[in-house]
Each structure stands twice: as C-alpha cells, then as structure tokens.
Amino acid sequence: MAVMNIREAINKTLMDEMERDSNIIVLGEDVVGGAGTAGGQEAIGGIWGTTPGLFAKFGADRVIDTPISESAIIGAAAGAALAGKRPVAELMFADFVGVSLDQLWNQMAKFRYMFGGKTTCPAVVRLIYGAGMNAAAQHSQSVYAMLTSMPGLKVVLPATPADAKGLLTEALRGDDPVMFFEHKALYGVKGEVPDGEHRQRFGEARMVREGGDVTVVTCGRMVGFGEKAADKLAAEGIGVDLIDLRTTSPLDEEAILDSVEATGRLVVVDESPPRCSLAADIAAIVASKAFTSLKAPPAMITGPHSPIPFARELERAWVPSPQKIEDAVRQLLAFR
Amino acid sequence: MQLSREELVGAYRRMAIIRQFEERLHEEIKTGEIAGFTHLYCGQEAAAVGVCDHLTTEDLIVSTHRGHGHCIAKGCDVKGMMKEIYGRRDGLCKGRGGSMHIADLSVGMLGANGIVGAGAPQAVGAAIAAKLDGKGRVAIAFSGDGACNQGTTFEAMNLAVVVKAPAIFVFENNHYSEHTGVDYAVGTNKDIASRAEAFGMKAWRANGCDYFDTYETMRDLLEYVRAGNGPAAIELDTERFYGHFEGDPQRYRAKGELDRLREERDCLKAFRARVGEAKLLDLQLLDDVDAEVAQLIEEATSEARAAPPPDPAHVAEDVYVDY
Ligand SMILES: Cc1ncc(C[n+]2csc(CCOP(=O)(O)OP(=O)(O)O)c2C)c(N)n1
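From first to last, the protein sequence lines stand for chains A and B. Just so we're aligned: the first sequence equals residues 380 to 715 in the working numbering. Just so we're aligned: the second sequence equals residues 746 to 1068 in the working numbering.
Hints are supplied without guarantee of correctness; some may be wrong.
Pairwise CB distance ranges, derived in the manner of DEER restraints [claimed, not checked]:
#1 A:Cys655 x B:Lys1000: 49 to 55 Å
#2 B:Glu768 x A:Met512: 21 to 27 Å
#3 B:Asp936 x A:Val382: 48 to 54 Å
#4 B:Tyr1065 x A:Lys497: 41 to 47 Å
#5 A:His684 x B:Thr933: 43 to 49 Å
#6 A:Ser528 x B:Glu961: 50 to 56 Å
#7 B:Glu968 x A:Asp440: 45 to 51 Å
Calculated cross-link-like contacts (lysine-lysine; reagent style DSSO-like; alpha-carbon spacing at most 30 Å) [as the list claims (entries may be wrong)]:
#8 B:Lys775 x A:Lys569
#9 B:Lys839 x A:Lys703
#10 A:Lys563 x B:Lys839
#11 B:Lys880 x B:Lys909
#12 B:Lys775 x B:Lys1014
#13 B:Lys775 x B:Lys839
#14 B:Lys947 x B:Lys876
#15 A:Lys436 x B:Lys935
#16 A:Lys391 x A:Lys569
#17 A:Lys607 x A:Lys569
#18 A:Lys668 x A:Lys489
#19 A:Lys436 x B:Lys876
#20 A:Lys563 x B:Lys935
#21 A:Lys464 x A:Lys497
#22 B:Lys775 x B:Lys824
Cβ-to-Cβ under 7 Å is the rule here; a few derived chain B residues that face chain A [what the hints assert, rightly or not]:
#23 Gly891
#24 Gly896
#25 Gly926
#26 Arg998
The hints are simulated quantities; they were obtained by calculation from the structure and are not laboratory data. The structure presented is a predicted model; accordingly, all values stated were derived computationally and were not measured. Beta carbons are placed, not taken as given, at the ideal position from N, Cα and C, and that holds for glycine.
So that you can see chain A by itself, here it is in the shape it has in the complex (with noise of 0.2 Å):
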C-alpha cells in the first residue's frame, strides 16, 4: 500500500478515475489556473493543490476553468449530468454553496424524484470545508449538515487518504448527486492509500476504536479531535466506542445505534452550529430509538450558535475540541 496524504490521494483518484472513464470532467474555479494569462495554463491546479496534472493529461475540454460564477458551475454540471457526462464540480469553499443554492437543492436534488425516476444526476460536487485557518465566518462553515437535510443529495466526509479514494471512486461511479466534503485542516493528513480499485460503500460508518464504556460519533476533522480525546480517556480506563461516520447521507444508524446498545450514553461532535445539526439529529435517532438504552442524555459538542469568528482565540474557543470532548464522556459517565 502506498502512503499518501489527502490531497494527493483525491488528485490521484481523479486521475485514475477520469483515465478510465472519459466522461467524468472536472470544472470550477481555477481548477487549472493560469487560463487567459501571460504565465499560461496550470499555474495552480486548484487553489488546495488537488486538481494538478489533470489539464495536462485530459485537457481544456475535460478540464474546464471557470469564471467566478458558482450558479452557472453547479448548474451547468447538473444539466452535463443529465446529458450523460459526470461531472466533478469544485466550490473552492463550501460556504458558496450559498451562490449556487437553487441548482443544488431545488435542481440537482431533486430531477430524479420529479422526473418520475426517469433520469440519474451523477454529479459530485467537492465542497471544501471548515474552520482552523482563520478564515473567519464567510470562509470557514460546515454546511454538511444543511446539505444532509436535502433529499437526493449523498454527502460524503473522509477523514483518511484511504477513505479519500474509496469515497470519491464510489462518488465518480455512483448515479446520484454526492456532495464531497474535504476539510482544508485535512489535506496533510497521511495514511496508507489501498492500491489498484479501492471503493468504500457510503453508509457504512467505521469503528475507529472499541471501547465499550461511552460512544462518541464524529465525522470529518472531528474523528482526529475524537481519538485524541480516546487515547486520553483510555489512560484513565475509560473505553470509548469512536465512530467515524464517512457519510451522513445515507447514515450508518445500525453501527451508532448498536454502540450505543452496548455503551448507554452518546456523544456527538459536530464542527457547526447546535441548532438543527447534525449532532442534533443523531441525539434524535438515539433518543427515539434506543432510549431504554441511556444511561444519560446525549451530548451533543457544537460550536455556539453564533457564525465563526475571525481571531484566533474566538476561533479555538468556537471550535469543538478534544478537551471538550474529555469533559463531555467524563460528564456521562459521572451522571447518574
């Protein structure tokens, strides 16, 4: 198995991807770089560095630059879909999802259903996301939650460079929308990447760790922030059941629910707002249920109910955290 990390085993994969099927395109925001200047084409390959190479390999009709217009990539890769293309469109920042909205959710979403299941829409959309760069509150939200809410769209979370590849190749293979989360504190992250076709199935969550006395569930960044809090309990006894979800939609119910069978008490850590979150929906699954399990009330670890602020010590503070996630199991198993 080859080592990698994130950003390289999402370059790679559309690279193998898009060499074996030629209707996968890519488009988006200086995906390339370069186009219409003096310094000439692929001065960037994306501004996180993920799209590099592909110009050169598939060239400028299948790997497109756009102007800066998140509506017309998000719609335009919608009616490529319906054409029969597959289109990997790129929001350099998750948060312009807000641009490009309708085309998401009343478009995108929705033409299977409306049409009578007549028609797939295979677009991915990779989402770039989250806080810990300061890029204060246009710049920094998790809108997985919201975008979880949509039916018709599969969202997707990988947390490791081997998640990475086998998430997107499902995504790139599937017939359905799939919103692809990467979050930008992730792309450095290195692991062990499977060699040759690696596809990971979407709603099945991974048991990160087994511990038995508490279950926590995470998604993205979070998992890292859970097992650093795992690894810390586990030196005081406590064994916490860590799951990381890959995928909120569909959501692995089954591995949360028999977790939290066993353990009796929940943690969910969500890098967003509290309100109508995803840690608010998976304390409602669990409360409705498995409710004879708890021992305790769910906790939900969220930021506060305010958008993300710029300065460094806000940020941390707004950010859920492994201490916070201390705190939290040790609360739970203190309740009685």
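With the hints as your guide, set chain B with the ligand onto chain A.
This is chain B with the ligand only, laid out in the frame that chain A set:
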C-alpha cells in the same frame, strides 16, 4: 482641474496611507502574527481615492475581499483597521471579522465582503434607501473584474436601472481574478463597461492608475447620478502589485511583469510626476507626507501588536440585538 493645493496633498496622503499600510502588512504577515487570509490592494490606490474623494460620510460604499484601500479612502480609522487585521479586541469589528470583513457604518463604509459578487445588490439597496431619503446621497459598489461574472452583479445592475437608484458600479479591472485572466473569464469583448451599458445605464472608462483621470471621470459620473438620472458604471483599468492573497507565488504572471508595473503603472509615482511637472506642488511637501504617514503606520502596527486579544467568553455575543 480645479484641485487646491490642500486637496492635492490630501489625495496623495490618502494614497500614501493605503500604500504604506499594505507594504507594512506584506512585511508583518511574514512574522506569522497575522492570521487568516489577507488580500492586498497595493497598486490600486488611485482607484479607491479617486472615487472616494468625491464622497462625504453620508454617501455609502460596499467593498470587496480586497477592501483595505476602500476603507482607508472612505475614512475608516487606520489604527482600528490594523487592530482588526491583527484580530484584537478593540479592532474596528472587535476582532471577529478580520481583514475580509472590515466595516465602519459611521463613515458610510457598509462592509468588505468575503463573497465575490455579494456587494453589488447591497449597494442597490443602499441606493434605494438614499433615494428615499432624498438628500442626494449615492451608494457605490466596488467590484473586481472577476465579480462582474457573478449573476448577483447582473441582477443588481438590472434592478438599479429598473428602479432608477443612485447606485454606482465601480469595476476595478486589475486583469486577474485569483489566478485567471480577465481575457479568458470575461467572454464578451473583454470590456466590462459595455456590460453595464447593455443593462441600460451610462458607463464611463478611466485609467485607474491615474488619480487625475479617475477623479475627473468620477466627477462627471457623479454629476449625472446626483442629478437623478439613475445608476451609472465606471470601469477602472488598474493593477495589483501583490498576489491574489498573501502567499500567492503568482506563477500566472509573465516574466518581469511586476517590475514593469512598478515602473510604468505605479499611481503614486504618476501622481508625483504630474504635480511635479505641472509645478502644482513642491515635491518636498510629498516627502514630508510620506514621513508623516510612515509614523502613523508605525504607531498603528505597534499599537495593534501590543493590543489585547478578544476574550473567548464573548465568542457568541452580538449574534442578535436581543434573543
Ligand atoms: C462567491 C465566491 N466565489 C469565489 C470566491 C473566491 N475568490 C475570492 S477573491 C476571488 C477573485 C476575485 O476577483 P476579482 O473580482 O477580479 O477581484 P480582485 O481579486 O481582482 O480584486 C475569488 C475567486 C469567493 N470569495 N466568493
């Protein structure tokens, strides 16, 4: 040209503040003390100042992600801005907004914006408000050449024409949106002003690297808008000297491009040359201005560095007025 000596020195002073503020940020960012994304305006000073020199604090502007120059030209407190960029508690926005979200309503600066194209519709709304007030105020949307490709900008221009709002669309064409060239991204005849004309408004064009051309063209434009003719647009041909954001290696530039720009299209140099040749001012006076501005920037920087950070306990304050 009827600018008094005082006005000329004032214009130079404002441009010099922007220039030195930005040059200083460019250095300070290397220390790692400043967090987040910073987009420098350096090179475009004549555009912001040439436009805003016609405005009072009653007039309104909305800005972009590259907003420092617009803020300074509109009269925002420079020390408060520096503190904001350093993420300090008593920065202009309490350290919560940072470089991309500086606003100061007290001087008619309705906000920088991290969303490209978001400002233009807001300027139309502000212009509608101004029209209702009947005091002859105007509202200005600063947009880049990249922002002119957003649907929001198109919708805003059309709405402004429909309601005859005193909105002014200032397109600062610095030839790049991030790493993509305007010749590629603007699909018409590469001319942004003609897009505004297509929506039914009068549009002007000026050399945004020339304070005098910008200032004089804006005077005509404003006369037209303040007379109640509805919206107008201006395309300013300008340059940015630094990368899209701090840390951008600018591989999309031609070899020697930046040196040439600094040589041939520096609006401060051009200003000096013009007032010198026309014997409008003694250049020694401008040297004194430079020194005085250097002092201001030095103070702003050291005060910002020493200023206290925000208290994390206040992280979720000011979300609502009351809840
Ligand atoms: C809706 C949206 N899309 C993309 C971006 C990322 N982005 C920030 S600045 C920028 C380029 C803007 O170009 P232009 O309008 O020409 O202004 P300039 O940077 O040249 O001042 C882009 C694409 C953004 N902030 N918001």
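Against chain A, is glycine 896 (chain B) within 7 Å by beta-carbon distance? holds (5 Å)
CB of serine 528 (chain A) to CB of glutamate 961 (chain B), is that within 50 to 56 Å? holds (54 Å)
30 Å limit on alpha-carbon distance, applied to hinted pair lysine 436 (chain A) and lysine 935 (chain B): holds (29 Å)
Cβ separation of glutamate 768 (chain B) and methionine 512 (chain A), checked against the hinted range 21 to 27 Å: Holds: the Cβ-Cβ distance is about 24 Å, inside 21 to 27 Å.
Holds or violated: lysine 607 (chain A) to lysine 569 (chain A), with C-alpha atoms at most 30 Å apart: holds (16 Å)
With the threshold set at 30 Å, check whether the alpha-carbon distance from lysine 775 (chain B) to lysine 824 (chain B) stays at or below it. Holds: lysine 775 (chain B) and lysine 824 (chain B) sit about 20 Å apart, inside 30 Å.
Does the structure keep lysine 436 (chain A) and lysine 876 (chain B) at a Cα separation of 30 Å or less? violated (55 Å)
Run the distance test for lysine 775 (chain B) versus lysine 569 (chain A): straight-line Cα separation, threshold 30 Å. With Cα atoms ~27 Å apart, lysine 775 (chain B) and lysine 569 (chain A) stay inside 30 Å; holds.
Check the following: the C-beta atoms of cysteine 655 (chain A) and lysine 1000 (chain B) are separated by a distance inside 49 to 55 Å. holds (53 Å)
Taking 30 Å as the top limit, are the C-alpha atoms of lysine 880 (chain B) and lysine 909 (chain B) close enough? Given that 30 Å is the threshold and the Cα spacing comes to 15 Å, the pair holds.
Please verify whether lysine 563 (chain A) and lysine 935 (chain B) have alpha carbons no more than 30 Å apart. violated (34 Å)
Between the alpha carbons of lysine 464 (chain A) and lysine 497 (chain A), is the straight-line distance 30 Å or under? Given that 30 Å is the threshold and the Cα spacing comes to 16 Å, the pair holds.
The structure does not agree with the numbered hints 19 and 20 stated previously, though it agrees with the rest.
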